[in-house]
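Participant: The primary structure of each chain is shown beneath.
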Amino acid sequence: MTPIGMGIAVVGAGIGIGMIGSKAMEAISRQPEAVGDIRANMILTAALVEGAALIAIILSLIAK
Amino acid sequence: MRRYILSFICVFCLTAFAFSQDHQEQPAGEQHGTIDHQPSHGDGGHDAGCGPIEDHGFDPGAKAFHHVSDQNVYNIGPIQLPLPCFLYAPGHGWTTFSSGQFHPDAHGNGHAAISKYVLVEGLVRRIDDPSFPDGEVEIGHHPYLKMEMQADGKEKEIPYVCYNAKLYPTVGRSTADFGMFGGGISSFYDFSLTKNVVTMLLVFLFLALVFSSVAKAYSKRDGMAPTGLQGFMEPILLFIQDEVAKPFIGAKWEKYLPFLLSIFFFILGLNLFGQIPFFGGSNVTGNLAFTGVMAILTFLVVNLSGNRHYWEHVLWMPGVPSALKVLILTPVEFLGIFIKPFTLMLRLAANITAGHIVITIFISLIFIFGKGQWGPSLGTSIGSTVLTMFMMAIELLVAFIQAFVFTLLTASYIGSAVEDGHGHDHEEAGAHH
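Which chain is which? The protein sequence lines are A and B, in order.
One point on numbering: in the numbering used here, the residue at position 33 of the first sequence is 33, and numbering is uninterrupted.
One point on numbering: in the numbering used here, the residue at position 117 of the second sequence is 117, and numbering is uninterrupted.
Read the hints as simulated data drawn from the structure, not as lab findings.
Here the structure is a predicted model, which means the values were calculated and not measured.
In this text, a Cβ means the ideal position worked out from N, Cα and C, and glycines have one as well.
Heads up, some of the hints might be wrong.
Unchecked claim - Here are some of the chain A residues that sit facing chain B, going by a computed Cβ distance under 7 Å:
hint	residue
1	Leu-44
2	Val-49
3	Ala-56
4	Ala-63
Claimed, not checked - With beta-carbon atoms standing in for the labels, derived distance ranges:
hint	chain 1	residue 1	chain 2	residue 2	range
5	A	Pro-3	B	Phe-369	20 to 26 Å
6	B	Phe-58	A	Val-11	27 to 33 Å
7	B	Gly-336	A	Val-11	21 to 27 Å
8	A	Glu-33	B	Asp-222	22 to 28 Å
9	A	Ile-62	B	Glu-254	21 to 27 Å
10	A	Pro-32	B	Gly-184	29 to 35 Å
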């Protein structure tokens, strides 16, 4: 079950980070001068999404 | 033209390296074979009586985990440099020696046991069995056998030592993971200067040299344009100051800037040092113990500098109905205090370790598809070299991003702990009370 749990967690994180990336690209193309702010916030949000996925992965490792 | 020559050299080196590894793999296989045959020969050799051992073949997963784990030897290419070992076993006392006394081979497997300690794949393990002789004992060239065993309802593969026709199980060092990752308190504690500790000291010395010279340049050339090393460091320092500290912490940024710069450069330095191929290959920032300590530092800085508004928002959020606060908000916010540093710890370790494991698996493809023959090995080596170089480029990016993310999140946690209460919150709170 562990690999399946990890896989599902990664799917969620993938969708989340993909949406962050696509919206950030849109925002940059609309307002290229704000690229610095957008990039910093994009990485921050991606890191937070990743954190939730990592907790799920670790829990799936621990709970057998 | 030069580019082609370079890429050819890369492929050749990787193949040659792969083959040298494969070649060293061979005697182990032969040894397994002889053990298999010995009962029928009945000549009672050194290893007889250890029973037939099945050869598991090449296990890329185990290989990858061996390469990302901490070790008691420092390896530069195939050379294993000895490191000091400080081991403590309750009831047995302290044992100090150099890990060179194990006479480790290129895989980090020792050929000797010292006061019941053995070196298996670079890591010190202990034989608990009281019948095993104390002191320095020669245990032959391939004395280690991995076997499955049942422990606490879980299947574990642990190395056994074959000595005088008897198998002795070994135990790993104590770890502080409370059994979550297969560790726990065992019969001995390892306080050695391991590979990771040595790498940390090297990076610490390097950073100390760099930053003392940059600091000297700042005081000496006050008001002048930066030059040399100072000029190289200034954009990075200013980036952390202007893009991380000021916007995320706010008015009190100056107090926390040294902490942010320290963690940023220490993590970045270790990330980059861990990517130098064949030089230590130490995975310090991918080690949960290391990232755990960094996360604890962040936890302490955030919570010790938390002001009244921070604690009010954690424990008794203003402007929210009491029932909601007691049932959901306060428990969640309280858990959040611990979950924030916990994710900091996991994120860095998981990202760095994942990168290293993927590289090791790409190199393992040579053994999986090559099967020890020149043709397929060479073919896979080309593909594997390209994939490895691509992965290393990504890892270089990840090294910067993860150091930045750790600093950025630390800054935002500190910012949430030290920011002044908004007038808006007070009005809301006043209206409800």
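Participant: Please go over all the hints and tell whether each is borne out by the structure.
Facilitator: Evaluated hints:
1. Leu-44: holds, 6 Å
2. Val-49: At 11 Å from the nearest chain B Cβ, Val-49 of chain A fails the 7 Å test, so the hint is violated.
3. Ala-56: violated, 11 Å
4. Ala-63: violated, 10 Å
5. A:Pro-3 - B:Phe-369: 20 to 26 Å: holds, 23 Å
6. B:Phe-58 - A:Val-11: 27 to 33 Å: holds, 30 Å
7. B:Gly-336 - A:Val-11: 21 to 27 Å: Given range 21 to 27 Å: holds, Cβ gap about 25 Å.
8. A:Glu-33 - B:Asp-222: 22 to 28 Å: Violated, at about 34 Å.
9. A:Ile-62 - B:Glu-254: 21 to 27 Å: violated, 41 Å
10. A:Pro-32 - B:Gly-184: 29 to 35 Å: 54 Å Cβ-Cβ, so the 29 to 35 Å window is violated.
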